[in-house]
Each structure stands twice: as C-alpha cells, then as structure tokens.
Amino acid sequence: MILRPGIEDLKIIGFYLGKIILGLAFTMVIPILIGLCFKEINPTLDFIIGIEISVLLGLLLMKICRTDKDLNWMQGMIVVSLSWVVAMILGAIPLYLSGHWKSFLDACFDTMSGFATTGLVLVQNLDHLSYTHNLWRHLIMFLGGQGIVVIALSFFVRGFSGAFKMYVGEARDEKIMPNVIHTSRFIWTVGIVYLILGTLALGLTGIFNGMKPLNSFFHGVCIFMAAFDTGGFSPQSQSILYYHSPIYEIITIVIMILGALNFRMHYHLWTGNRKEIFKNIETRTFFVTIIVAFSIVAVGLAEIGSYPSVLVLFRKGFYQLISAHTGTGFQTIYPQQFPIDWNPLALTGIIIAMALGGAVCSTTGAIKMLRVGIIFKAIKEDIKKIIMPERAIVIERFHHIKDVFLEDKMVRGALIITLFYIILYGLGALVGMFYGNPFLESLFESTSAAANIGLSCGITSTTMPSVLKITYIIQMWSGRLEFMSVFTILGFLYALIKGK
Amino acid sequence: MKKNFKLVLIILLFALALYPGTCFSEGLSSSELIKNAKLYDGKLVVYSGEVIGDVMLRGQFVWVNINDGENAIGVWMASTLAEEIEFSGSYKSIGDNIEITGIFHRACPQHGGDLDIHAQALRKKEKGRAVEQRLDIDKKNSSLILLGILFLIWILTLFKRK
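Going line by line, the protein sequences match chains A and B.
Per our numbering, the first sequence starts with residue 1, numbered consecutively.
Per our numbering, the second sequence starts with residue 1, numbered consecutively.
The set of hints was computed from the structure by calculation and includes no laboratory data.
C-beta atoms are modelled at their ideal positions from N, C-alpha and C, and glycine is treated no differently.
You may find that some hints are simply not true.
Over the 10 Å line for every Cβ pair with chain A, so calculated as not near, a few chain B residues [to be verified]: (1) Gly-27; (2) Asp-54; (3) Val-55; (4) Glu-83; (5) Ile-85; (6) Ile-94; (7) Ile-103; (8) Gly-113; (9) Asp-114; (10) His-118; (11) Lys-127; (12) Leu-135; (13) Leu-146.
Within a straight-line C-alpha distance of at most 27 Å, the following computed DSSO-like cross-link-like pairs (lysine-lysine) qualify [unchecked claim]: (14) A:Lys-63 <-> A:Lys-19; (15) A:Lys-39 <-> B:Lys-92; (16) A:Lys-11 <-> B:Lys-160; (17) A:Lys-384 <-> A:Lys-409; (18) A:Lys-102 <-> B:Lys-35; (19) B:Lys-139 <-> A:Lys-102.
Pulled out of the complex, with its shape left as it was, chain A reads as follows (with noise of 0.2 Å):
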C-alpha cells in the first residue's frame, strides 16, 4: 500500500527549500555589486527584483511551514530536485528582465543550463549583453557545479543530520572530509583558489593578446567559472573562437581537466599524495577513454580532409574532444561546422566522449569515468571466470582512493545508472527527431544535453520547438541530478495522488 505523503512531509519539505531560497537570494547580491561597480542601472534593478522576489518566496515558506524536525531520506531528495527546479525559475528572473531572452522559457531553459553546467544557449544578441547579467550567467554555473544545496550547507545549514541526504541528493555520494559540512567547505576553498589561479592566467593571457585589461579580467573570471565547472557559457557569442589564442585553448584545456577531476583527487593532490592521479580507476579509464575517442574524432577528420594540416586537425579535434568528455561544451568550431565539416565518424568519437563524462564528484555529467570503469573490470572478470579452469576463484580489484574488491553491487548499480544515462540520451534524440532533425544530430544534441555538457550542432535555437526545449531542460536536470532525486520526486507526486 502506498502512503499518501502528509502535511508535515510538506512542511519539511517546503522549510529547507525556503532555506535554500534564501541561499540562491544571497548569491543575486554579487551581480548587484557587479552592477553597481559598472554603473549598469536596469541591470542592478534586474536582479534587485530577482533578489526580492526570491527572499519574499524563501521567507514566506519558512514561515509558513516552520520545523524543527529533520529530514528523512526521501524529503532530503525532493528537497534537492526541488530546488534546482525553484533555482531555475528564479535565477530566471533576472535574466528574462534583461530582454536578451524571447520568452521566460527560453530564460528558464539558459538558467538551467547554467545551474546543470551544460552550456547550451538561447541568449539573444549575447554580444551587447551587460556584465551584470553575463556574471550571473556564470556564476550560476559555479553555483550548479559545486552544487546549489552545497552552497546551502557550506554557508546557512549549522549541522543537522538531513544534510547528508540532500548532499548525496545532489548526485555527491563522496565524503571527502568525516562531516558532511567540511566536505561542502572543502569543495568550495579548492573552487576558490583555482578560480583565483585560473582568473589570474586567463586575465595575462586576454592582455598578451590584446584585450583591454578589465576586460580582459571579467573575461578571466566568467571563462574560468564555465571550464572549471565545466559549463561552457561564454561572455561572447563566438565561444573560445573569439580570443583567436592558441594559449588561450591550452589553459582553458587544463582549467577543463581539472574541472573533470574527483574533488577527492584534489584533495589527494593538494595533501601531496600525487601518485594517487596514476593508480586512480578513475584517472587511469579517463585516459583510455581520451585516446580511444580522440582515435575516433582524428581517424573521421583524416577521412574527410577537413582540415589543411595534422597540427590543425590535432588542435581543432583535440580541444572540441576534450570540451566534450569534460562536459564543458566550449568550442573552436562554429556549431553549424560539426554536420558540414566533421563525418559521422567524427561526431561518432565526440558523442561517446560526452556520453562518457569525467570523474565522479566532480562537476561534470554523464556516466562517469567509476562506472565505465567498473564496467570494463566486470567484463574482464566475466572473460576471465569462462578462461580459466571452472575451480578457479577470479577476483578483480581495483584502486580508487583505497584498493577495492569489485562486487555484484557495485556493479548493478554502475549499470543501472549506465542504463538510465543511455535511455535518455536515447529519448532526447527521439523527440528531436520527431520534429524533423536527423538521426546523428538529435543523438549529438541530447547527448549534449543529457550528459550537461553544452557542445551543439545547430539544433539548439530560439526557433526550436517549445516541447525540444522542455526536453532538454528535463534532460539536463535529471542528467545533472543523476535520476534518483528525479525518481523520488516523481514517486512523491504519485503518492500524493494514488497514496491512502
């Protein structure tokens, strides 16, 4: 018998998304600075009445639905897929203000995108777009990548056991420190201090090439927000093209691994244990999976002769490959470039890569580099048990963070997730289909995003249909949420309804 969820699971519910309302609403504060500082007027009044809105819609559910009781686990997973959905349409907001967007949709849908660290855009005119709202396009990125409720738990949760559930709920099942708390603060001091070395290297290199020095730094900061939390958002329309900087690809390449990387790998590495890097699953199937898929991309461009040199081909396959398996989506190809200069080979090599993903506890979608991992160790058990003689014991073991024994369990649940990623990027490619996009395309773009990670080949426009664009924003949020607090949530409104 299923139960109808009562009034105090509402309460609950409604008091922490109030909490992490209030979260969001705090962070509107730094465009409005931004805002102030630039002297952009309607851009600060913008997200004043973002800001506003947010704070009275936080204090009014903290109100009315006030607790002192703590979460269980399935009000911990509402909470969380509640609160990007909340987040999305209230970083809205603003941007809709802005004019820049034709609908709140298509608003929603780049809030989205932002928050899921896709990368996917529907901005209008992005070139005349104030640095207000281009700071908030990224800073929802870094927001997203580190995730909204880490944001809540690093700054206005003081410890409560319901933190956990919503932290695991954000797809983080990695505790890197014992608390859950100094793990989220942890997550935050490595974002900050690469954001600090990442503004600094990007900010010289903008004026090595010629920009204009504030310029050159506001172009810094958002670029590094987008690659190291493997968004993709730029300030200009033209993606990394515009900065024509060969250095410049070469550090946004390094900001966009880093990005892919466990925070526990950081952590490993900052405590100067750095031979974890090369006994990692993780880092170790990262690798494989590079050379595998960058095989794929060079040997369909060599086929078409797209580009006029090996050098060239390296440096236009090599940085789209690894914007793709990072899940960052930046590009040095104009979109409508990938189904008239790349084959279906190449695309082929692009769309494994984004299905694949980076690391897990990292900022990036997908699958993820464990699970592919644990997949391939599971076939080379399986191949082994039917080699060797019928008494022999095999067991397969693997290093990630500490030596692991691979079990059954692990691996139906690599394959469960594996299932559900492939179902949707599947279902995605259907819808795009069903409105007259063909086969590759539609696999590419809902690859993209599903698996969050923003590459487009052209089918991603204002002019696409309302129901694709839908899709797609349900895609990155589930993608991004990796499926069990979109399941929650979806078994929580059928028992609502259904429950006794």
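Following the hints, position chain B against chain A.
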C-alpha cells in the same frame, strides 16, 4: 599606344576573373559563409557587420570580430586598416558597422584552422555610438513595491513575536 594600354587592361581583368582563387561575392552573410565554407574557401569575399568586443592587437596586425546579426566572424587585418574603427559593440555601445573585403578561410592554416577572413580593405558604413542608459521606470516601481511588501512582512513578523 592608348589602344594597346586598353587591350592590356582588358586582358588583365579577364585573367583576374578567370583565376580560380578569385571570386568577388557581394554582401555575404555569416551563415552563408559558414554553411558554404568549402565553396568560398580561399575566395575574395565581402562581409559586413558590427565590430564587437575587443580589437586585439597582435604585432602589426589585429583581430576584429564582426557580427552581422547571425554570427560573429574573426577578421585578421593590418593594424593600420583598423585605425578607422572607433566604436566596438558592447552593452554600453553600438559598434561601427564596417564592410570588409578579404580572403575567406574555412580552416585557416595560419591561424590553427579557425574560420576567418583576412581583410584587404575596410569601409566604414556607419559610425557606432555610445548607448544612453535611461532608468526603466517600470523596473524601478516594481522593485519599490516588492521592497514595500518585504518591509510589511518584516513588520508583521515583529508584531507576531510581541
């Protein structure tokens, strides 16, 4: 003598028109160039649009990004040619609208395979300008009303506590 000169001139123009790498195309859009990049690769094209973002100096050359309303394309030109540019497009300004005549590259071997145009001539079609910022009254009023509601809630909460 005059007749001979005319003949030479006609032959020269004819030869220039037949030369495979040369094709004069009037007013191509960025989408047209990107979609038919193989067709225009290595050809002389005319492209116009608004200068956006930074004019990036690289030695004796500059990179200028020109947006025609559909896409922005990078244009590589001599810095002397770029001296005419006064405004570049941003939130606070509308950039100069310029017309570029230059060689289009689908995958420029000199610039790491970028799709670009190497400008040979530049013509300013329309001068850019600074955009005057006016306070949006509706936005101002909305923010004040919302602030009032927030203040009211705060006062009500204080009363409730008492």
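Hints, verified against the model:
1. Gly-27: Non-interface label on Gly-27 of chain B holds, nearest chain A Cβ at 19 Å vs cutoff 10 Å.
2. Asp-54: 4 Å, violated
3. Val-55: Incorrect as stated: the minimum Cβ-Cβ distance to chain A is 7 Å, not above 10 Å.
4. Glu-83: 15 Å, holds
5. Ile-85: Nearest chain A Cβ is 13 Å from Ile-85 of chain B, so the label holds.
6. Ile-94: Non-interface label fails for Ile-94 of chain B: nearest chain A Cβ at 8 Å, not farther than 10 Å.
7. Ile-103: 14 Å, holds
8. Gly-113: 4 Å, violated
9. Asp-114: For Asp-114 of chain B, whose nearest Cβ neighbour in chain A is about 6 Å away, the distance does not exceed 10 Å, so it is violated.
10. His-118: 12 Å, holds
11. Lys-127: 17 Å, holds
12. Leu-135: 6 Å, violated
13. Leu-146: 4 Å, violated
14. A:Lys-63 <-> A:Lys-19: Given pair Lys-63 of chain A, Lys-19 of chain A holds - Cα atoms ~11 Å apart, limit 27 Å.
15. A:Lys-39 <-> B:Lys-92: 10 Å, holds
16. A:Lys-11 <-> B:Lys-160: With Cα atoms ~20 Å apart, Lys-11 of chain A and Lys-160 of chain B stay inside 27 Å; holds.
17. A:Lys-384 <-> A:Lys-409: Roughly 19 Å separates the two Cα atoms, so the pair holds.
18. A:Lys-102 <-> B:Lys-35: The given pair, whose Cα atoms are some 25 Å apart, holds under the 27 Å limit.
19. B:Lys-139 <-> A:Lys-102: Holds, at roughly 18 Å.
Violated hints, listed in ascending order, are 2, 3, 6, 8, 9, 12 and 13; each of the other numbered hints is respected by the structure.
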